[in-house]
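Here's the letter readout for the chains.
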Amino acid sequence: MLLASNSQKIKYFIAAFILLSGLMAMANASADVYVICNSNLGATDADIKDLFTGEKQAIGGTKVVPVDNKSAQGEFLAKVVALTKVKYDSNWAKKSFRDGLTAPSVLGGDADVTAHVKANPGGCGYVASAPSDGVKLVKKY
Amino acid sequence: MQLPKRITFKSDTKARLFRFLLAASLLNLSQIASAEDGVPLHGFADAGWASGSPSQVAREKTDGFVLGTVDLYLNPQFQDNVKSLIEIALEPDLDSQEYDLDVERIQVGYVYGEWGTLWAGRFHTPYGYWNTAFHHGAQLQPSIYKPRFIDWEDHAGFMPSHSTGIWFQGKLGVGSGKFAYDLWMSNGNRNIAGESDMNILRDDNHTPGYGGRAAYNFGGALDGLSIGVHALTDEIDLYAADLTTQLSRGKMNMYGGFAVYESDLIEFSAEYYWFANPNQNNGGSPIYHSSAGFVHLGYNATANNQVYVRFEDANIDNEDPYFNNLENGFSYIRSVVGMRHNINARACVKVEANRTSIEDSITNPSNLGTQGIGLAPVNPGTFDELRVQYAISF
Chain A
1 MLLASNSQKI KYFIAAFILL SGLMAMANAS ADVYVICNSN LGATDADIKD
51 LFTGEKQAIG GTKVVPVDNK SAQGEFLAKV VALTKVKYDS NWAKKSFRDG
101 LTAPSVLGGD ADVTAHVKAN PGGCGYVASA PSDGVKLVKK Y
Chain B
1 MQLPKRITFK SDTKARLFRF LLAASLLNLS QIASAEDGVP LHGFADAGWA
51 SGSPSQVARE KTDGFVLGTV DLYLNPQFQD NVKSLIEIAL EPDLDSQEYD
101 LDVERIQVGY VYGEWGTLWA GRFHTPYGYW NTAFHHGAQL QPSIYKPRFI
151 DWEDHAGFMP SHSTGIWFQG KLGVGSGKFA YDLWMSNGNR NIAGESDMNI
201 LRDDNHTPGY GGRAAYNFGG ALDGLSIGVH ALTDEIDLYA ADLTTQLSRG
251 KMNMYGGFAV YESDLIEFSA EYYWFANPNQ NNGGSPIYHS SAGFVHLGYN
301 ATANNQVYVR FEDANIDNED PYFNNLENGF SYIRSVVGMR HNINARACVK
351 VEANRTSIED SITNPSNLGT QGIGLAPVNP GTFDELRVQY AISF
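So the sequences go chain by chain: A and B.
Each residue of the first sequence is one higher than the one before, starting from 1 at the first, in the numbering used here.
Each residue of the second sequence is one higher than the one before, starting from 1 at the first, in the numbering used here.
Excised from the complex, chain A in its bound form (with noise of 0.2 Å):
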């Protein structure tokens, strides 16, 4: 009886485990950042962080215009550019006032986000969700 016990406890254990590895996953699914620009700019993965720090204007000439994304800020800082909000916001005061760089927007969601991108030859993004088409995906993270 107490084996049985015993036996179905670990069947337990393992389902709660199986079942908790599941949405484990699926949270780190909904966490993926995907960082997109126009699709007629040459930008490469190489060039994300100095993008979105302000250590790279243009590519082959267009200007590139960043935008964050609200609901996608967090884990974008934590993921791409390895930088704290307060570091992140802290390092574009810094750009604004010495080299006169303007920080990028701050959009509400994804949709803003694509529709910015689509418009603008520089347009560079990121969104939490798999990008539509007639956007570039630089790199999934």
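Just so you know, these hints were derived from the structure itself, not from any lab.
All figures in this text were calculated on a predicted structure; none of them were measured in a lab.
Hints may contain errors.
Stated by the list, open to error - For lysine-lysine, the following DSS-like pairs were computed, each having C-alpha atoms within a straight-line distance of at most 27 Å:
hint, chain 1, residue 1, chain 2, residue 2
1, A, K85, B, K178
2, B, K171, A, K95
3, B, K171, A, K139
4, B, K178, A, K56
5, B, K178, A, K118
6, B, K171, A, K63
7, A, K87, B, K171
8, A, K70, B, K171
9, B, K178, A, K139
Fit chain B to the given chain A structure using the hints.
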């Protein structure tokens, strides 16, 4: 002939009205720009408290609450290649305790690419790291005081911290890092009764100042480290307070280097300046040698709390007409210790203590004897100060 640096007013009421109208215009411009072009108004402001032991430098005596500079700037961009920086500072005058209006920067730039931007106008003179990195940005600056010898011209600075002319700057990718460079040429400065002063409308002695800066910004494992060199030269005539009587001529030739390292834990910077200044009142001979430098080290004890220390040392040859004509052109040592708490990315509180030792004894400032310009003799001495600053940026 008056060559104004600042807009000054005989009538205090007119001055206040002008300041109000200027601020209102700037805010209005920002609102118009925001609506049409999305150009925000940025700026810095700070307030604090200070207490210090009696200093022989009367204008540096501080006891009580202190207002800092109100700095406003815009950086409108026009199409892809044209950008600008317009900065206005309302700066407390150390003597009158009134606010003065300074046009800090009016730069109009053309961007050729990452490798080059050509600026024209008035800009922060690109030497070392601090002068262009922080300047009036009290909230950006790691400490309350900047190193004394690179302070502004009308404070205690040894060098012109602003220039009016052209400035070419750029970056090139080299290896895992970037090679950054600056070249500039400007109206040479002048010295009015002991204060270095930038010529914004014309060069009084038709001798331009020029200089350059080059640095390598490391990437990869050394990301955050920059090492560079800088140089500038300027021929600066000394005028009496009437702005027309030329009393003396000074020339500055500066060479030096700097290093910066920033990481999550460390904020380090060091700058060194070596001067070889010929006596232009005697055919360029002799050449006087002086030097100045500082080392600043900050340690981030937590994500939002930093402790910092700084040591500054200036060794000045008092026979050099360039330094002897400056109100604060004397040797000193300053030690600084402080703490900084970042409330968020836009606000911080700093507490700072410093000890300054003046090492020179100068009985005849400006070397002009009875023709002197009223500079007070300098005597060796030590004074201490404690400061608190609450600084914001927006």
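Now for the hints, and whether the structure bears them out:
Proposed proximity of A:K85 and B:K178 is supported: the alpha carbons are some 25 Å apart, at most 27 Å. This hinted pair checks out: B:K171 and A:K95 have alpha carbons roughly 14 Å apart, not beyond 27 Å. Under the criterion of a C-alpha separation no larger than 27 Å, the hint pairing B:K171 with A:K139 is consistent with the structure, at around 26 Å. Distance restraint check for B:K178 and A:K56: the Cα-Cα separation of roughly 11 Å lies within the 27 Å cut-off, and the hinted pair is therefore satisfied.
A hinted pair counts as satisfied when its Cα atoms are at most 27 Å apart, and B:K178 with A:K118 does not qualify at roughly 31 Å. Restraint check for B:K171 and A:K63: the C-alpha separation of about 16 Å stays at or below 27 Å, so the hint holds. Of the pairs offered as hints, the one joining A:K87 and B:K171 holds, with about 23 Å between alpha carbons and a cut-off of 27 Å not exceeded. The hinted pair formed by A:K70 and B:K171 fails the criterion: a straight-line CA distance of about 31 Å is larger than 27 Å.
For a cut-off of 27 Å, the pair hint linking B:K178 to A:K139 stands: about 24 Å separates their Cα positions.
The earlier numbered hints that this structure contradicts are 5, 8.
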